[in-house]
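Following the hints, position chains B, C and D against chain A.
Chain by chain, the residues run as shown.
There are 4 protein chains.
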Amino acid sequence: MDVAAMQRALREFSAEREWQRFNTPRNLALALVGEVGELAELLQWLTDEEAAAIADDGGDDGADPAAQRLRQRAGEEVSDVLAYLLLLAESLGVDVERAFTAKLAANAEKYPAHLARGSAAKYTDLRPEG
Amino acid sequence: MDVAAMQRALREFSAEREWQRFNTPRNLALALVGEVGELAELLQWLTDEEAAAIADDGGDDGADPAAQRLRQRAGEEVSDVLAYLLLLAESLGVDVERAFTAKLAANAEKYPAHLARGSAAKYTDLRPEG
Amino acid sequence: MDVAAMQRALREFSAEREWQRFNTPRNLALALVGEVGELAELLQWLTDEEAAAIADDGGDDGADPAAQRLRQRAGEEVSDVLAYLLLLAESLGVDVERAFTAKLAANAEKYPAHLARGSAAKYTDLRPEG
Amino acid sequence: MDVAAMQRALREFSAEREWQRFNTPRNLALALVGEVGELAELLQWLTDEEAAAIADDGGDDGADPAAQRLRQRAGEEVSDVLAYLLLLAESLGVDVERAFTAKLAANAEKYPAHLARGSAAKYTDLRPEG
Numbered sequence: 001m002d003v004a005a006m007q008r009a010l011r012e013f014s015a016e017r018e019w020q021r022f023n024t025p026r027n028l029a030l031a032l033v034g035e036v037g038e039l040a041e042l043l044q045w046l047t048d049e050e051a052a053a054i055a056d057d058g059g060d061d062g063a064d065p066a067a068q069r070l071r072q073r074a075g076e077e078v079s080d081v082l083a084y085l086l087l088l089a090e091s092l093g094v095d096v097e098r099a100f101t102a103k104l105a106a107n108a109e110k111y112p113a114h115l116a117r118g119s120a121a122k123y124t125d126l127r128p129e130g
Numbered sequence: 001m002d003v004a005a006m007q008r009a010l011r012e013f014s015a016e017r018e019w020q021r022f023n024t025p026r027n028l029a030l031a032l033v034g035e036v037g038e039l040a041e042l043l044q045w046l047t048d049e050e051a052a053a054i055a056d057d058g059g060d061d062g063a064d065p066a067a068q069r070l071r072q073r074a075g076e077e078v079s080d081v082l083a084y085l086l087l088l089a090e091s092l093g094v095d096v097e098r099a100f101t102a103k104l105a106a107n108a109e110k111y112p113a114h115l116a117r118g119s120a121a122k123y124t125d126l127r128p129e130g
Numbered sequence: 001m002d003v004a005a006m007q008r009a010l011r012e013f014s015a016e017r018e019w020q021r022f023n024t025p026r027n028l029a030l031a032l033v034g035e036v037g038e039l040a041e042l043l044q045w046l047t048d049e050e051a052a053a054i055a056d057d058g059g060d061d062g063a064d065p066a067a068q069r070l071r072q073r074a075g076e077e078v079s080d081v082l083a084y085l086l087l088l089a090e091s092l093g094v095d096v097e098r099a100f101t102a103k104l105a106a107n108a109e110k111y112p113a114h115l116a117r118g119s120a121a122k123y124t125d126l127r128p129e130g
Numbered sequence: 001m002d003v004a005a006m007q008r009a010l011r012e013f014s015a016e017r018e019w020q021r022f023n024t025p026r027n028l029a030l031a032l033v034g035e036v037g038e039l040a041e042l043l044q045w046l047t048d049e050e051a052a053a054i055a056d057d058g059g060d061d062g063a064d065p066a067a068q069r070l071r072q073r074a075g076e077e078v079s080d081v082l083a084y085l086l087l088l089a090e091s092l093g094v095d096v097e098r099a100f101t102a103k104l105a106a107n108a109e110k111y112p113a114h115l116a117r118g119s120a121a122k123y124t125d126l127r128p129e130g
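These protein sequence lines are chains A, B, C and D, in that order.
Counting from 1, position 27 in the first sequence corresponds to residue 27 in the numbering used here; the numbering is continuous, with no gaps.
Counting from 1, position 24 in the second sequence corresponds to residue 24 in the numbering used here; the numbering is continuous, with no gaps.
Counting from 1, position 32 in the third sequence corresponds to residue 32 in the numbering used here; the numbering is continuous, with no gaps.
Counting from 1, position 8 in the fourth sequence corresponds to residue 8 in the numbering used here; the numbering is continuous, with no gaps.
Just so you know, these hints were derived from the structure itself, not from any lab.
This structure is a prediction, so every number in the text was calculated from the model and none was measured.
Wrong hints could be hidden among the right ones.
[Said to hold, decoys possible] Residues from chain D shown here face chain B by an in silico Cβ test under 10 Å; the list is partial:
| no. | residue |
| --- | --- |
| 1 | M1 |
| 2 | D2 |
| 3 | V3 |
| 4 | R26 |
| 5 | L28 |
| 6 | A31 |
| 7 | V36 |
| 8 | L39 |
| 9 | L42 |
| 10 | Q44 |
| 11 | W45 |
| 12 | L46 |
| 13 | D48 |
| 14 | A66 |
| 15 | A67 |
Idealized CB from N, CA, C, for every residue including glycine.
Chain A with its partners taken away, still in its complex shape (with noise of 0.2 Å):
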């Protein structure tokens, strides 16, 4: 499923609801920090090994229920981040697929891979002031 489709449900949502109203640039950007703070809340408590034990469940048909709630709730909070950075790209007229290829290729060009191997200083770099 590629980004325009997952916009095209997203809109159909809203407007189904009337709520294109309510999808401004600074509503969405704060629903965006709530879905965000869910999913921080998720990984809060656990240590480095428990979080990543989420992953390593032993999938749907997998050991650890415990595991599997967390991912299954993991993977809700995702939805609802990703919905609402794509109504607030939107928002913003901003072409997602372009600007994430560009970005990526600015990174490529900005941290030659021979350099950058392995340093995780290289890597706080990554950031646009960076």
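The following block gives chains B, C and D in isolation, referenced to the frame of chain A:
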């Protein structure tokens, strides 16, 4: 460009720089927060009208350089947030497209169009614990 | 009530429940994000005018129950954010009062009143990397 | 230094620069998110052990310059988050000290020490909707 292709591109980008070991759930959640902060900063001192004007800048050949510059920066920040969100989803074993489709279907059932129509209150409930 | 007294109260609260071991920098940073998300959700669908009305609700004996309820909830969320921020500062060995005084002095020097006056641009620069 | 004195200092700082008009609830909430993002970035690539070492840097005369620099930056980010949180509280008509005391008392009643002792699950419930 679908989500799977974006995740492949991000995986390759990390692999070429030997950065995979940094891609843990809690690292990526904190990095996501950092990029959401950059996105919020773009909008923090704008009025709702000024924020709405970012999308109405007449396109790349448009007349408002300030709005175009903001839209450009917004595209970069949206891309950074998306990149960390997709890497985080992968680190948690979340199938993004599947989770997104399931969550949208759940919300559609939870908020019947004929009841939710035009209601901000309903919209506010569009939260996991809602 | 000074910051040191608030931190003492939080320390005692954690100690009585044997929760100190959960108070690590990264745990508390993610918990802080969760509470900031709750605060953002309170404001996400309000217009700037509706948000301004929360403070102008005529006080506790005032006439607007909706604004009073929002102000009550805002107080709870602000308290949660403050609690995790003070616990985080302590986990990082940060002297909050000293850091706050030093940062305010640094900003006063960085943004001379006669130059910064009324300028949102200057205000936008009030960021660490500004 | 008590919260009221910090708020007075922030009020004066804004007044001297004629920035009061920018101090609206939604502006300050987005600015708060921006500073929380800066704080998260400091911790994003650290292990839990590295993050814990920031407080154990032997103090200002200590032996670890890297930890000291991180602690210095953490102090600046904590101050920025606190400044926007206190300005936001004021813009919402929230009495911070009163709200903080009330919330702590409510949590003490909600999580009796003899029941909550050592339980991360209980701790996780320390959320508004918990």
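Structure-inconsistent hints, enumerated in ascending order = 1, 2, 3, 14, 15
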